[in-house]
Amino acid sequence: MTLEEDLRVTLHDRAAAARPPAADLLTEVTSGVRRDVRRRRLTAGGAGVAVVVAALAVPLMRHDADPPRPQPLPAASPSLPVGWERSMWAPAPFFPLRPTWVPADLGTRPEVLQMGPNEVLRYERNGDVLTAEIGVVDPAWDAETTGEHATEVNGVPATVRTAGAGPGDRYVSVRWQMPEVGGWVQVTSRGRHTEAEVLRFARGLDGGMGSMAGTSLAPFVFGVLPVRVSTQYQSPDQVCLTDRDVTRRREPDGLCVLVADEPFVGGGERVTVAGRAASLRLDSGSLVIDLGGRVLTVTWDPGRFPLSRDEVLAFAGGITYRR
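Under this note's numbering, residues 19 to 341 are what the sequence shown spells out, in order.
No lab work stands behind these hints: they were computed from the structure.
By construction, the Cβ of each residue, glycine as well, lies at the ideal position given by its N, Cα and C atoms.
Check the hints yourself; a few may be wrong.
Derived DEER-like restraints, expressed as beta-carbon distance ranges [what the hints assert, rightly or not]:
| id | residue 1 | residue 2 | range |
| --- | --- | --- | --- |
| 1 | Thr169 | Glu269 | 27 to 33 Å |
| 2 | Gly145 | Arg288 | 37 to 43 Å |
| 3 | Ala278 | Arg327 | 52 to 58 Å |
| 4 | Pro320 | Ala295 | 18 to 24 Å |
| 5 | Thr169 | Leu235 | 53 to 59 Å |
| 6 | Arg210 | Pro254 | 45 to 51 Å |
| 7 | Trp159 | Pro281 | 34 to 40 Å |
| 8 | Arg143 | Arg299 | 37 to 43 Å |
| 9 | Ser302 | Pro175 | 45 to 51 Å |
| 10 | Asp187 | Val100 | 51 to 57 Å |
| 11 | Glu287 | Gly321 | 27 to 33 Å |
| 12 | Glu142 | Gly285 | 34 to 40 Å |
| 13 | Ser302 | Val245 | 23 to 29 Å |
| 14 | Thr126 | Pro175 | 51 to 57 Å |
Please take these sequences and the hints and turn them into a complete structure.
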């Protein structure tokens with residue numbers, strides 16, 4: 019295997035080890051996805067789909083302290099398409115490095131995101147953002163910087179880029195390679211934190227000998243899926259799935275699910291999904307579901323990821339939204 023393949027397999031093995039026991043069906047699906055991940059080659063490619071889906075099987079807004087138990091599919095759900103399966107699968111990206119020091123004003127409950135083959139640990143509070151990203155794809159600098167200089171992180175050469183002149187308007191980012199995993203690591207701060215604080219956080223990232231900063235469950239549980247899928251992208255309000263090689267794109271790609279705060283606008287074919295009005299444009303790859311002041315939009319590239327009408331409706335009808 020190449021270093022990239024070793025890194026990807028190692029990260030997915032750690033995520034699997036951190037998951038609690040589940041029902042037999044979920045275990046079978048998860049095992050299948052893990053086997054598929056091991057077979058993947060980390061080259062450019064992947065399916066292009068952007069799908070936005072909403073909480074259809076449970077109330078749209080939940081504020082429970084504990085994750086709700088996924089509910090059964092509605093009785094009126096479409097029949098299962100050929101090549102698809104029923105499951106109760108919630109993606110959970112993981113970050114393999116454990117911070118040993120975090121600025122006190124950022125708290126202790128970060129989110130874990132996935133951006134293509136990279137994983138991201140994200141702290142945010144009162145407009146300040148601190149992220150750590152690791153993976154085989156070079157993370158983006160994400161800003162037009164005005165300064166650059168060399169430093170070191172635990173004895174490894176690193177590059178620092180900066181922008182902004184005062185508190186509340188600082189951009190500080192440091193990037194280096196971690197020999198233990200063969201991938202890039204980048205720590206980026208936007209807001210009030212100084213370069214000294216960013217470097218202290220970066221130097222405190224611990225490989226941990228198997229310890230993990232944590233995982234973040236996806237906002238969606240998927241009840242109907244193509245037979246072999248894995249997560250390509252995940253944020254607090256969006257998940258993208260792909261059934262092909264993991265792409266090297268950090269941006270959302272594949273079959274994606276998103277909830278947005280915007281009014282429902284009709285058009286296309288009027289359909290009903292789990293009792294809710296929806297608009298389907300199969301030719302352009304779009305399904306928009308009315309959530310009453312919010313929308314669930316399912317979009318995909320029909321040329322790269324062809325879905326039939328029955329597949330789209332079955333997929334959307336099997337989604338549980340947990341926020």
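Right, here's what the structure says about each hint:
1. The hint said 27 to 33 Å for the Cβ distance between threonine 169 and glutamate 269, and at roughly 29 Å that hint holds.
2. Hint check: glycine 145 to arginine 288, Cβ distance near 42 Å, so the stated range 37 to 43 Å holds.
3. In this structure the hint that alanine 278 and arginine 327 lie 52 to 58 Å apart at CB is violated, the actual value being about 23 Å.
4. Under the hint 18 to 24 Å, the C-beta atoms of proline 320 and alanine 295, about 23 Å apart, fit the expected range.
5. At about 36 Å, the beta-carbon gap between threonine 169 and leucine 235 misses the expected band of 53 to 59 Å.
6. The beta-carbon spacing between arginine 210 and proline 254, approximately 23 Å, falls outside the hinted interval of 45 to 51 Å.
7. Separation of tryptophan 159 from proline 281 is about 36 Å and conforms to the stated range, judged on CB atoms against 34 to 40 Å.
8. As the Cβ distance of arginine 143 to arginine 299 is approximately 39 Å, the hint placing it in 37 to 43 Å holds.
9. Here the CB-CB span from serine 302 to proline 175 is close to 48 Å, well matched to the stated 45 to 51 Å.
10. Our hint of 51 to 57 Å for aspartate 187 and valine 100 holds, since their Cβ atoms are close to 55 Å apart.
11. Here the CB-CB span from glutamate 287 to glycine 321 is close to 20 Å, at odds with the stated 27 to 33 Å.
12. At roughly 35 Å, the beta-carbon separation of glutamate 142 and glycine 285 lies within the given 34 to 40 Å, and the hint holds.
13. Checked against the hint of 23 to 29 Å, the C-beta distance between serine 302 and valine 245 comes to roughly 26 Å, which is consistent with it.
14. Range check, threonine 126 to proline 175: about 30 Å between beta-carbon atoms, so the 51 to 57 Å window is missed.
The earlier numbered hints that this structure contradicts are 3, 5, 6, 11 and 14.
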